[in-house]
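Student: Sequence:
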Amino acid sequence: TYLGKSRAMRLASNVPENRWDEFYVTACYLSNRTLSSSLPRGITPYEAWFGTPPSLRHLREIGSRAFVHI
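If you read the sequence shown in our numbering, its first letter stands for residue 6, the second for the next number, and so on.
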């Protein structure tokens with residue numbers, strides 16, 4: 006479930022509990038971009054909807070350093 010995935014990500018990254026919503030959204034986002042056994046031919050939900058495989062190049066490890074560009 007999304008809640009289980011988000012809880013595992015939060016615990017692995019040692020982030021405070023008040024950030025649980027960000028991990029929940031991330032779990033949903035990643036689930037839509039990974040293979041699903043309920044879809045034919047082993048395609049992702051994103052690919053079924055948009056017709057092209059998703060790009061995962063923009064993903065970063067949780068807790069990695071980020072910079073703000075102004």
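Treat each hint with caution, since some may be false.
Straight-line alpha carbon distances no greater than 25 angstroms define the calculated SDA-like cross-link-like pairs of lysine to any residue that follow [unchecked claim]:
{"id": "1", "residue 1": "LYS10", "residue 2": "ILE48"}
{"id": "2", "residue 1": "LYS10", "residue 2": "THR31"}
{"id": "3", "residue 1": "LYS10", "residue 2": "PRO21"}
The hints are simulated quantities; they were obtained by calculation from the structure and are not laboratory data.
Student: Straight-line Cα separation of LYS10 and ILE48 no greater than 25 angstroms?
Tutor: holds (20 angstroms)
Student: Starting from LYS10, check that the Cα of THR31 is at most 25 angstroms away, please.
Tutor: holds (9 angstroms)
Student: Straight-line Cα separation of LYS10 and PRO21 no greater than 25 angstroms?
Tutor: holds (16 angstroms)
Checked against the numbered hints above, the structure violates none of them.
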